[in-house]
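S.K.: This is what each chain is made of:
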Amino acid sequence: MLDQLSWKVGGQQGEGIDSTGDTFSVALNRRGYFIYSYRHFSSRIKGGHTNSKIRVSTKSRLANSDQLDILIAFDQETIDFNAHELRDGGVVIADSKFNPKVPEGNYRLFSVPFTKIAEECGSAIMKNMVALGASACVLGLSSDIFADIISDKFLRKGQQVVDQNMKAIQLGIDYMTENGGVLPEFQLVPADGKKRLYMSGNEAIGLGALAAGARVMPAYPITPASDVMEYLIKHFPKVGGVVLQTEDEIAAMTMAIGSSFAGARSLTATSGPGLSLMMEAIGLAGMIEAPVVIIDTQRGGPSTGLPTKNEQSDLYAVLFGTHGEIPKIVLAPSTAEECFYATADAFNYADKYQCPVILITDLALSLANQTVEPLDYNKISIDRGKIATPEQLAEVGAGQLFKRYAFTEDGISPRVFPGMKGGIHHVTGVEHNETGRPDENAQNRIKMMDKRLAKLNNMELPNSVTYAGSENPDVLIVGLGSTMGVIDEALERFQAEGLNVAHAHVKVISPFPAKTLNQYVGKAKKVVVVENNATGQLLHLMKHFGVEHSAMTSYLRYDGNPFLPVQIFDHVKGLI
Amino acid sequence: MATVKEFRNNVRPNWCPGCGDFSVQASIQRALGNMDLEPENVAVISGIGCSGRISGYINSYGLHGVHGRALPIAQGVKLANRDLVVIASGGDGDGFGIGLNHFMHAVRRNIDLTYIVMDNNIYGLTKGQHSPTSAFGFKAKNTPQGTIENALKPAQVALSAGISFLAQGFSSDVNQLTSLIEQAIQHRGFSLINVFSPCVTYNKINTYDWYRENIVNLEQDENYDSSNKALAMQKVFETNGLCTGLIYKEDRPVFQDLVPGYKEEAITSQELRLDDEYFAKVMNQFA
Chain A
1 MLDQLSWKVG GQQGEGIDST GDTFSVALNR RGYFIYSYRH FSSRIKGGHT
51 NSKIRVSTKS RLANSDQLDI LIAFDQETID FNAHELRDGG VVIADSKFNP
101 KVPEGNYRLF SVPFTKIAEE CGSAIMKNMV ALGASACVLG LSSDIFADII
151 SDKFLRKGQQ VVDQNMKAIQ LGIDYMTENG GVLPEFQLVP ADGKKRLYMS
201 GNEAIGLGAL AAGARVMPAY PITPASDVME YLIKHFPKVG GVVLQTEDEI
251 AAMTMAIGSS FAGARSLTAT SGPGLSLMME AIGLAGMIEA PVVIIDTQRG
301 GPSTGLPTKN EQSDLYAVLF GTHGEIPKIV LAPSTAEECF YATADAFNYA
351 DKYQCPVILI TDLALSLANQ TVEPLDYNKI SIDRGKIATP EQLAEVGAGQ
401 LFKRYAFTED GISPRVFPGM KGGIHHVTGV EHNETGRPDE NAQNRIKMMD
451 KRLAKLNNME LPNSVTYAGS ENPDVLIVGL GSTMGVIDEA LERFQAEGLN
501 VAHAHVKVIS PFPAKTLNQY VGKAKKVVVV ENNATGQLLH LMKHFGVEHS
551 AMTSYLRYDG NPFLPVQIFD HVKGLI
Chain B
1 MATVKEFRNN VRPNWCPGCG DFSVQASIQR ALGNMDLEPE NVAVISGIGC
51 SGRISGYINS YGLHGVHGRA LPIAQGVKLA NRDLVVIASG GDGDGFGIGL
101 NHFMHAVRRN IDLTYIVMDN NIYGLTKGQH SPTSAFGFKA KNTPQGTIEN
151 ALKPAQVALS AGISFLAQGF SSDVNQLTSL IEQAIQHRGF SLINVFSPCV
201 TYNKINTYDW YRENIVNLEQ DENYDSSNKA LAMQKVFETN GLCTGLIYKE
251 DRPVFQDLVP GYKEEAITSQ ELRLDDEYFA KVMNQFA
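These protein sequences, in sequence, are chains A and B. The first sequence begins at 1 in UniProt numbering and counts up by one. The second sequence begins at 1 in UniProt numbering and counts up by one.
Certain hints may be false.
[As the list claims (entries may be wrong)] In silico SDA-like pairs for lysine to any residue, Cα to Cα no more than 20 angstroms straight-line:
| hint | chain 1 | residue 1 | chain 2 | residue 2 |
| --- | --- | --- | --- | --- |
| 1 | B | Lys5 | A | Gln400 |
| 2 | A | Lys234 | B | Lys127 |
| 3 | B | Lys139 | B | Ser179 |
| 4 | A | Lys234 | B | Lys249 |
| 5 | A | Lys234 | B | Ala287 |
| 6 | A | Lys238 | B | Glu271 |
| 7 | A | Lys403 | A | Arg384 |
| 8 | A | Lys238 | B | Phe255 |
| 9 | B | Lys263 | A | Gly419 |
| 10 | A | Lys421 | B | Pro260 |
| 11 | A | Lys507 | A | Leu461 |
| 12 | A | Lys403 | B | Arg8 |
| 13 | A | Lys421 | A | Thr435 |
| 14 | A | Lys386 | A | Asn348 |
| 15 | B | Lys127 | B | Phe138 |
| 16 | B | Lys249 | B | Gln234 |
| 17 | A | Lys507 | A | Thr435 |
| 18 | A | Lys386 | B | Glu271 |
| 19 | A | Lys234 | B | Tyr202 |
| 20 | A | Lys234 | B | Gln285 |
| 21 | A | Lys194 | B | Gln285 |
| 22 | A | Lys195 | A | Leu141 |
| 23 | A | Lys59 | A | Asp192 |
| 24 | A | Lys234 | B | Asn101 |
| 25 | A | Lys421 | B | Gly33 |
[Unchecked claim] Over 10 angstroms on every C-beta distance to chain B, these chain A residues come out as not near it, computed from the model:
| hint | residue |
| --- | --- |
| 26 | Ser43 |
| 27 | Asp80 |
| 28 | Ser142 |
| 29 | Pro184 |
| 30 | Met199 |
| 31 | Glu203 |
| 32 | Val216 |
| 33 | His235 |
| 34 | Leu284 |
| 35 | His425 |
| 36 | His426 |
| 37 | Thr428 |
[Stated by the list, open to error] Okay, the calculated beta carbon distance ranges per label pair:
| hint | chain 1 | residue 1 | chain 2 | residue 2 | range |
| --- | --- | --- | --- | --- | --- |
| 38 | B | Trp210 | A | Pro302 | 19 to 27 angstroms |
| 39 | B | Val4 | A | Thr435 | 20 to 28 angstroms |
| 40 | B | Cys16 | A | Pro462 | 29 to 37 angstroms |
Keep in mind the hints are simulated off the structure, nothing from the lab. Glycine is no exception: its CB is placed at the ideal position from the N, C-alpha and C atoms.
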């Protein structure tokens, strides 16, 4: 019996490959299995190979599996493109319509008339359902596991459509039963049946923003960030919020600043090219001390780069990317669950420190769906930071301006919002005095720069780095973002082999947790920084912020695909 | 009861003596005073350039942002708090050069706010380059042989884009300008007042006298009907854009009327925390 299984479905874009994978995933997630699914797709709407790789496990897995057990193919291209991932003894279940051929090797091919059976049920569209049925049969599962999902999906089209789809699934099971049957080597250990969630990083960010009280989201569509906007378009109307698709990213960012100035919690979401356009306005947010949350879901750059592929190459941009010097917080969650909580934190930090907060993910984290334990709303607090009290406002004399940028010990001045009597003041991106009036006086300039930068000086946010593994490792692996699950899995294998390896994962990029990292790095013989970019940005940031180690190297992947656990395992093993 | 005085502050504008923008500032203050608004309920959002400084010269909440972005900032303010009177203001370079894209989309969106442009056909603060509204052949610092680009006509652009309130004013007619600003604030929807506001330092062509000779005041035409879009378009073309008064006005739903779920209560006044049961419901959609 297997405790994990890797299943992939592939075909042409527009053929419903995604929805097939999703139906399979949700069915097994509801049975209590842990799912991690990753999509391969291209920047086009129809045509071109696409696939959905799904990992089913009895424990949490947040990485693609090294190999593939079962491949469902709707065309020969899918087999040609993916067969190399199949493990010894792996199975291909393909539509007999295209007379499938598998390459040489120990693979088994089941040619199943997906399309023909679907047509018998009413429409060729349902070939995906037949494939799901065939998969269920191989795994020894009944059609029941799909019943509620099919009903959720199709009931609004009528009971007949539901019945047709269920029939297609059953016929897929029946055909497979007669022509191969249950394959004993693919039986999964029964799952615990516990109810868990299944979501992508982007959805978790959307839910986090909703939970944190964000109510205004101006944004411009871009892969892989658009789902955050699309999620909130569904939910903001129910809570009186508004999502607005702007004319460009500059408008999105400045509109979010306007809403923040007025007192709303606002966010925008984008990816690299959009982030570049927002940079001037991010500087404005820093200068006028406007709390605003920016989601940057990184993809392959530079320029249009690899819009549908994974990369982690915006670190320099988010850290150094506006002109001048402003305080900036950059959070980098690593799992969908962390995306939820970190997004809520982002709004509190923005309000507390009155500065832009950028939350970065990467495509793998943003788009991969994963099983998530139920989220705890009690862990989310809403802290609006320093807001002027009625007493403070009453002290402002007639004709006087409120000191919006009052010098304080911690550099944080109380905020007021338009509509509040006694709070009138001016806000400008020009250097200004305590009331917001332009002021170029050299002394004032120094004091104001120091005030703004003091907000984050010499500090580390809580939980900036997580650590797992032995205390004095031979090799310490450092990563950020979606590589969390991949490195953890490699770590498990080292532990199983009794090797002395540890894993530090960076969850906050700014303020950079140099002190904590130095402690971890100091105890390791060697350090390897694992990143999805070509220049080792995280490693350079570590050095830049004074994380020192004599044997610190990079392990990089920048072909657009996430690391596999085996790659990290092999590379690090070579260092021991 | 607020009066014009309450919208004044003691900041001395950094505009050149004789600049048309002084009258625009005075007209805004008079209009706000006449309308009996409270200063704290007004937000003036401006762009960059000489004109952009205006948000600092009016006693209200004010935000002086980045070049060309007054409109998206102002729309963000109004979306967050629909109870505020929001005025966006800037110059021709700010609004029709770098910010033209935002202008077109603000027109389409029809979020309720008033946009006042101080149009002097030149870039002043960068010391005299031609602007998008400079006439063909206009000689400026960077066009010594005369500009070879056609001038953008704000009124034509606004009408073509489907604006719901369009007016033009002239800096030397403060009474008309004040009245237009009041009407624009009262109008539910996005309104543009393009103001011919001479730059006395760098623009020696489009002077006060030049405007006096060339502009047509539509208010003096008894037969003019500002609800007739075809007529508005005709007048704007006939006068080569050089007409003042209320040019066109129509009532159509504002953006907020059409946003599903948008509440009567300002977003900034709403409870942020979700009901626990509601959160559980939303979360369980992922189960």
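S.K.: All hints, please: hold or fail.
M.R.: To see whether the hints hold, each was checked on the structure:
no.	hint	in the structure
1	Lys5/B / Gln400/A	holds (14 angstroms)
2	Lys234/A / Lys127/B	violated (49 angstroms)
3	Lys139/B / Ser179/B	violated (34 angstroms)
4	Lys234/A / Lys249/B	violated (34 angstroms)
5	Lys234/A / Ala287/B	holds (17 angstroms)
6	Lys238/A / Glu271/B	holds (13 angstroms)
7	Lys403/A / Arg384/A	holds (18 angstroms)
8	Lys238/A / Phe255/B	holds (17 angstroms)
9	Lys263/B / Gly419/A	holds (18 angstroms)
10	Lys421/A / Pro260/B	violated (31 angstroms)
11	Lys507/A / Leu461/A	holds (10 angstroms)
12	Lys403/A / Arg8/B	holds (18 angstroms)
13	Lys421/A / Thr435/A	holds (15 angstroms)
14	Lys386/A / Asn348/A	holds (11 angstroms)
15	Lys127/B / Phe138/B	holds (15 angstroms)
16	Lys249/B / Gln234/B	holds (15 angstroms)
17	Lys507/A / Thr435/A	violated (36 angstroms)
18	Lys386/A / Glu271/B	holds (18 angstroms)
19	Lys234/A / Tyr202/B	violated (52 angstroms)
20	Lys234/A / Gln285/B	holds (12 angstroms)
21	Lys194/A / Gln285/B	holds (16 angstroms)
22	Lys195/A / Leu141/A	holds (19 angstroms)
23	Lys59/A / Asp192/A	holds (10 angstroms)
24	Lys234/A / Asn101/B	violated (27 angstroms)
25	Lys421/A / Gly33/B	holds (17 angstroms)
26	Ser43	holds (24 angstroms)
27	Asp80	holds (35 angstroms)
28	Ser142	holds (21 angstroms)
29	Pro184	holds (31 angstroms)
30	Met199	violated (5 angstroms)
31	Glu203	violated (7 angstroms)
32	Val216	violated (6 angstroms)
33	His235	violated (7 angstroms)
34	Leu284	violated (5 angstroms)
35	His425	violated (7 angstroms)
36	His426	violated (5 angstroms)
37	Thr428	violated (4 angstroms)
38	Trp210/B / Pro302/A: 19 to 27 angstroms	violated (49 angstroms)
39	Val4/B / Thr435/A: 20 to 28 angstroms	holds (22 angstroms)
40	Cys16/B / Pro462/A: 29 to 37 angstroms	violated (53 angstroms)
Hint violations for this structure: numbers 2, 3, 4, 10, 17, 19, 24, 30, 31, 32, 33, 34, 35, 36, 37, 38 and 40, all remaining hints satisfied.
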